[in-house]
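J.: Next come the chains, spelled out residue by residue.
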Amino acid sequence: MLLNTHLLAELKNRQEIHERSFVSGAPIIGPLIVWIRTLWNNIATRWYVLPLVQQQNEFNRQLVATLEDIREHLAALEENLADLDSDQMDSAKDIAETRYQLIRLRKDIQGIEAKQADTDIDQDEVQC
Amino acid sequence: MNNRESPTVSLIVLNWNGQEYLRACMTSLSGLDYPEPEIVMVDNGSTDDSVSYVAEEFRTVSIIETGRNLGYAGGMNVGIDHTNSDIVVLLNNDIIVEKDWLTELVRCMESDKRIGIAGCKIFFADNKRLQHAGGYVSLPLGLPNHYGYGEEDSGDYDAMLDVQYVTGAAMAIRRPVLDQLNGMDAGFFPIYFEDVDICFRAREKGWRVVYAPESRLVHLESATMVRDSYSYLLRFHQGRMRFLLKHLQAQEFLQEFVPAEIERLSELTQHRERRALKHAYKSALGMLPMIYGDRIGYNQETFALLQQVADALVSLHAQLT
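Line order of the protein sequences matches chains A and B. The numbering used here numbers the first residue of the first sequence as 1 and each following residue consecutively. The numbering used here numbers the first residue of the second sequence as 1 and each following residue consecutively.
Just so you know, these hints were derived from the structure itself, not from any lab. Computed from a predicted structure; not experimentally measured. Heads up, the beta-carbon is just placed ideally off N, CA and C, and yes, glycines get one too. Just so you know, not all the hints are guaranteed correct.
Just the calculated beta-carbon pair ranges, DEER-fashion [said to hold, decoys possible]:
no.	chain 1	residue 1	chain 2	residue 2	range
1	A	Gln101	B	Arg208	37 to 45 Å
2	A	Thr119	B	Met160	51 to 59 Å
3	A	Thr5	B	Glu152	32 to 40 Å
In silico DSSO-like cross-links for lysine-lysine, where the CA-CA straight-line distance does not exceed 27 Å [stated by the list, open to error]:
no.	chain 1	residue 1	chain 2	residue 2
4	B	Lys128	B	Lys99
5	B	Lys282	A	Lys107
6	B	Lys246	A	Lys107
Covered by chain B, according to a simulated footprint, are these stretches of chain A (three or more residues, beta-carbon under 8 Å) [claimed, not checked]:
no.	segment
7	81-89
8	116-127
All chains, full assembly: derive it from the sequences and hints.
T.: Listed below in structure tokens is the structure:
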């Protein structure tokens, strides 16, 4: 199926995005750098970024939920299609059998008509 | 005038939108060393400039326009009906023959009047690798194979050989065979297995089908459907099912073909082919009444067989669900 369950599970695991903590590998002054960047983030950008993260998370949740709905619908449609296909095959079998019997009947009728015609000719000859 | 030692021959080239192949094909046919072969092109409703091109460039070629695509067998039957020569050679439009191709083909056929159909040694475009040196069908599955396919021509296929079938890309047929078999079966529409079918029917009537190694040509095999496409797989399996219904006894179909097919299906993972097979089984149900009726008769016993075969087709279809 186009939307497989593994892919959807993976999307669901990753639908929530989070802030990342600052880290620094610098010796001695590393903690100071982290403290300054965190402070600057709190003052200058956090108030702006956090609502965006929330908006994105909400969008991701809705998207994953919608994809799950579509997958369920597709699964149901595929089941219906398989049922219809199977029904169609059964009908094709019935049609094949009926068609054979119809041709057989037609041939029987032709045989009877031919015999009847022969009989009529014989009777005509007797009368003559 | 034709030398009366030589049988008269009509070469029927079937064309459908194949203008790009016609120059090489018709030039090679026009240069044959055989005395006055009749060349006929049957155009199956092309929308390119094939007809006007051949009419202008190859004035000795007779052109028959069917107006629509009648398929391989349907188109060839039109050409066959148009001719009255001793031997008819059915040809694809994407072939290039050698100068003595026809002389050798006829020589092979004339070596025994019981030879009803003959095919030739066919190469891929590189003129080195073999494409066909006669063919056989693996039963009960009905899968056709070519002797020598893909091999370098190293002399292994240089002897004349009785084979099960020869490919319709280039197939010579004696007129009495065509008359006796009522031409090709146009039910193999649009293509595939009609060549195998006519060879099997000819052999059932006692004719020999042979491979003529001295008669050589190149088959570009690019004008036909792309292998492995859904369209190809559908036509191939539809043809295979028609062939099997026509040539296997009902009991062979039920007891040998069906179990073998189920085993094959269990290993078949390609979605495209599974889908094509489902349609082919359905098509087979449509063909079944006429094939069994014409072949075995219209009576209660045949109807009982038909029901069993129809059930088997439904069960094969169910395997793919």
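J.: Compare the structure with each hint and give your call.
T.: Each hint tested on the structure:
1. A:Gln101 to B:Arg208: 37 to 45 Å: 40 Å, holds
2. A:Thr119 to B:Met160: 51 to 59 Å: For A:Thr119 and B:Met160 the Cβ distance comes to about 58 Å; the hint holds.
3. A:Thr5 to B:Glu152: 32 to 40 Å: Hint violated: Cβ distance 50 Å, outside 32 to 40 Å.
4. B:Lys128 to B:Lys99: Within the cut-off at roughly 17 Å; holds.
5. B:Lys282 to A:Lys107: 26 Å, holds
6. B:Lys246 to A:Lys107: 21 Å, holds
7. 81-89: Coverage by chain B holds for the segment 81-89 of chain A (5 residues, Cβ < 8 Å).
8. 116-127: Violated, because only 0 residues of the segment 116-127 of chain A bring their Cβ atoms closer than 8 Å to Cβ atoms of chain B.
Violated hints, listed in ascending order, are 3 and 8; each of the other numbered hints is respected by the structure.
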